[in-house]
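So you can see what is in the structure, the chains are spelled out below.
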Amino acid sequence: MTDSRPDPVALALREGAAHVAAKTTTPPWPVVAERHTRRNRQRLRRISLATGAVLATAAITVAVAALLPAGGHRPQAEAHRVRFGNHILMVRDLLAIQKTARPVPSARVVTRALRLKTPNHASLAFGAGSAWVLSPVESRSGPPCGKLIRINTATLNLTGSVPFRLCPSAVTYGDGAVWVLSFQIGVRGYQVARVDPITLGVTFVTTIDQSITPAGDTGAKYMFLAVADGKVFAAVQDRLGGTQITALDTTSGKPVHSAALPSTYGPLTALAANDKVVWAGTFNGWVLRIDPLTDSIRAARHLGTRVASLSAAPTGIWVSVNLPVPSRAAYPGLDILRLSPLTGSLKDDTGLPMTFVAASGPNVWALSSAPPYTSDAGLVAQINPANGALTQKAHLTAPTIQAPDTIGVYQRTVWILNDFLGTITRIAP
Amino acid sequence: MRPAAAHHSPNDSAFEQVYRSSYPTLVGQLFLLTTNRAEAEDVVQEAFARLWANWQELCTYDNHEAWVRRVAMNLAISRWRKQSRQTSYEEPAVPPAARSSSLSDLTHALRDVSVKHRQALLLHYVVGLSVAEVASEMSAKPGTVKSWLSRGRAELERQLHYQEAAGND
Numbered sequence: 001m002t003d004s005r006p007d008p009v010a011l012a013l014r015e016g017a018a019h020v021a022a023k024t025t026t027p028p029w030p031v032v033a034e035r036h037t038r039r040n041r042q043r044l045r046r047i048s049l050a051t052g053a054v055l056a057t058a059a060i061t062v063a064v065a066a067l068l069p070a071g072g073h074r075p076q077a078e079a080h081r082v083r084f085g086n087h088i089l090m091v092r093d094l095l096a097i098q099k100t101a102r103p104v105p106s107a108r109v110v111t112r113a114l115r116l117k118t119p120n121h122a123s124l125a126f127g128a129g130s131a132w133v134l135s136p137v138e139s140r141s142g143p144p145c146g147k148l149i150r151i152n153t154a155t156l157n158l159t160g161s162v163p164f165r166l167c168p169s170a171v172t173y174g175d176g177a178v179w180v181l182s183f184q185i186g187v188r189g190y191q192v193a194r195v196d197p198i199t200l201g202v203t204f205v206t207t208i209d210q211s212i213t214p215a216g217d218t219g220a221k222y223m224f225l226a227v228a229d230g231k232v233f234a235a236v237q238d239r240l241g242g243t244q245i246t247a248l249d250t251t252s253g254k255p256v257h258s259a260a261l262p263s264t265y266g267p268l269t270a271l272a273a274n275d276k277v278v279w280a281g282t283f284n285g286w287v288l289r290i291d292p293l294t295d296s297i298r299a300a301r302h303l304g305t306r307v308a309s310l311s312a313a314p315t316g317i318w319v320s321v322n323l324p325v326p327s328r329a330a331y332p333g334l335d336i337l338r339l340s341p342l343t344g345s346l347k348d349d350t351g352l353p354m355t356f357v358a359a360s361g362p363n364v365w366a367l368s369s370a371p372p373y374t375s376d377a378g379l380v381a382q383i384n385p386a387n388g389a390l391t392q393k394a395h396l397t398a399p400t401i402q403a404p405d406t407i408g409v410y411q412r413t414v415w416i417l418n419d420f421l422g423t424i425t426r427i428a429p
Numbered sequence: 430m431r432p433a434a435a436h437h438s439p440n441d442s443a444f445e446q447v448y449r450s451s452y453p454t455l456v457g458q459l460f461l462l463t464t465n466r467a468e469a470e471d472v473v474q475e476a477f478a479r480l481w482a483n484w485q486e487l488c489t490y491d492n493h494e495a496w497v498r499r500v501a502m503n504l505a506i507s508r509w510r511k512q513s514r515q516t517s518y519e520e521p522a523v524p525p526a527a528r529s530s531s532l533s534d535l536t537h538a539l540r541d542v543s544v545k546h547r548q549a550l551l552l553h554y555v556v557g558l559s560v561a562e563v564a565s566e567m568s569a570k571p572g573t574v575k576s577w578l579s580r581g582r583a584e585l586e587r588q589l590h591y592q593e594a595a596g597n598d
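Residue numbers (the numbering used here), protein chains in the order written: chain A, 1 to 429; chain B, 430 to 598.
Here chain A stands alone, though its shape is the one from the complex:
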């Protein structure tokens, strides 16, 4: 026997549904179509709002990055903020940064003892397949005071030298010749000599700034040469502590024009040229853009308390500067900056506390040196010009106070002079 009574639960559910269905008025069907259209419109609005929000966020991010002083800072775990003038610069932890840099194989680091005793970091130049180095002659019996040495860049062999009666203090290469600036304490004026890179013959010698008589040790420190626009520029310190820049025609050797830079900038600590513009760094932390036609200053930017080195390359004007940091700061007052090669404006703050920087084409290298610039002395590292990161490194061991202090880049090789130890090192990564 089966239970013929209807299922009360099923019945209640069916009746409930039927009751609601019977009471339901079906809206005209275009209402549904409109609903569909409205939904699409809302969806499009949501998408456009979301897109707008994403674009706005991106625009704000780009704007903030562009408006940040010093061209923005890359994310960094250890960085110390240093304010200088209108710039906020960052000094990063060099020991931490360099961990990611690839060590250059030791076989590619070659050091030769050539008994070099270079007086300053303007003593190294490259051209005609050779490295050109200045070295004093250890003689007490009179001239010569120093010599220009030619070193084969492939073999590191010494292939010739040119003695100078006065003490050679700066060397550069340009317009197919080696240029040497020399002086003698107590002897009026400075001499600029043109040396043929093949024969090593001195083509001509021009005496400049005869109104100045170098005196004392300071006279040897602030002398530089640079070649641009068919002229060789010789910078020397004048009697008042300012700088005298004289331009000589590279063909005739005759002075073309001369100008004195105001002493407020301080003596020059670096000089470089890129094609048509001469760049100078000064003891008081200024970077000057000098018009080679007139020797006049076209732009002056105050970037630190002292410019330690400066190098001009297509990737930018690379400058290492000292920054004011508290006397007990656990980080050095050093930073490497990249400036616009056109205007000299600050483009990038690498945050690398390294003493000297040198660039040639796309290759940029930096050197950490001895006190008072202590920051991992002896570290030589390649800088990626695009982001300021260190890509390769090598350590040139030396007692701290005898760390190397001169760096130069020639094609893809980097050269380091240690005038304490009298060595030259070629790193060919």
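Please keep in mind that the hints were generated in silico from the structure rather than gathered at the bench.
Predicted, not measured: the structure shown is a model, and the values here were computed from it.
Just to be clear, a hint being listed does not mean it is correct.
Unchecked claim - Cross-link-like lysine-lysine pairs, in silico, DSBU-like; alpha carbons within 35 Å at most: (1) Lys-575/B with Lys-545/B; (2) Lys-545/B with Lys-511/B; (3) Lys-276/A with Lys-147/A; (4) Lys-99/A with Lys-347/A; (5) Lys-545/B with Lys-23/A; (6) Lys-570/B with Lys-511/B; (7) Lys-511/B with Lys-575/B; (8) Lys-511/B with Lys-23/A; (9) Lys-575/B with Lys-23/A.
Claimed, not checked - Derived list of chain B stretches under chain A, where covered just means 3 residues or more per stretch with a C-beta under 8 Å from a C-beta of chain A: (10) 451-457; (11) 568-580.
Note that CB positions come from ideal geometry on N, CA and C, so glycine has one too.
Chain B: place on chain A using the hints.
This is chain B only, laid out in the frame that chain A set:
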């Protein structure tokens, strides 16, 4: 994307026919799931809007009502989940006088039955699907559906009896 139709085509007429014949039934069925008439109408309309948006592809389907019901149920459950995440909602206590109608009793009885059980009861007892079909519709095993039906039925029966007893007091 299909624009709102300004002109009737034979295709559109087919949609209208499905819509007119199924709309009240589906609202009634969804009411059992949502226990709220406005909510039931809303999810059914939304499901029809989606059918309309995809009508070019779906017009060849055999059972449009089933498609709309499934979409509407998913919408209802999705909204219920969203609501239960956002607020801890408690049904207001309804005075016995207000429970006079059998629909109201059913509504309140259904609210004490879990949503899964409600859905299974609806599909099996109202729509008339077999246990296997309900299992397929709800992506569950037939045994599980049987369990849901049994428990849901027991809960609903208990609630309805309780309310009947309360109404007689």
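Tested hints:
{"no.": "1", "hint": "Lys-575/B with Lys-545/B", "verdict": "holds (12 Å)"}
{"no.": "2", "hint": "Lys-545/B with Lys-511/B", "verdict": "holds (16 Å)"}
{"no.": "3", "hint": "Lys-276/A with Lys-147/A", "verdict": "holds (30 Å)"}
{"no.": "4", "hint": "Lys-99/A with Lys-347/A", "verdict": "holds (25 Å)"}
{"no.": "5", "hint": "Lys-545/B with Lys-23/A", "verdict": "holds (26 Å)"}
{"no.": "6", "hint": "Lys-570/B with Lys-511/B", "verdict": "holds (26 Å)"}
{"no.": "7", "hint": "Lys-511/B with Lys-575/B", "verdict": "holds (27 Å)"}
{"no.": "8", "hint": "Lys-511/B with Lys-23/A", "verdict": "holds (28 Å)"}
{"no.": "9", "hint": "Lys-575/B with Lys-23/A", "verdict": "holds (32 Å)"}
{"no.": "10", "hint": "451-457", "verdict": "holds (count 5)"}
{"no.": "11", "hint": "568-580", "verdict": "violated (count 0)"}
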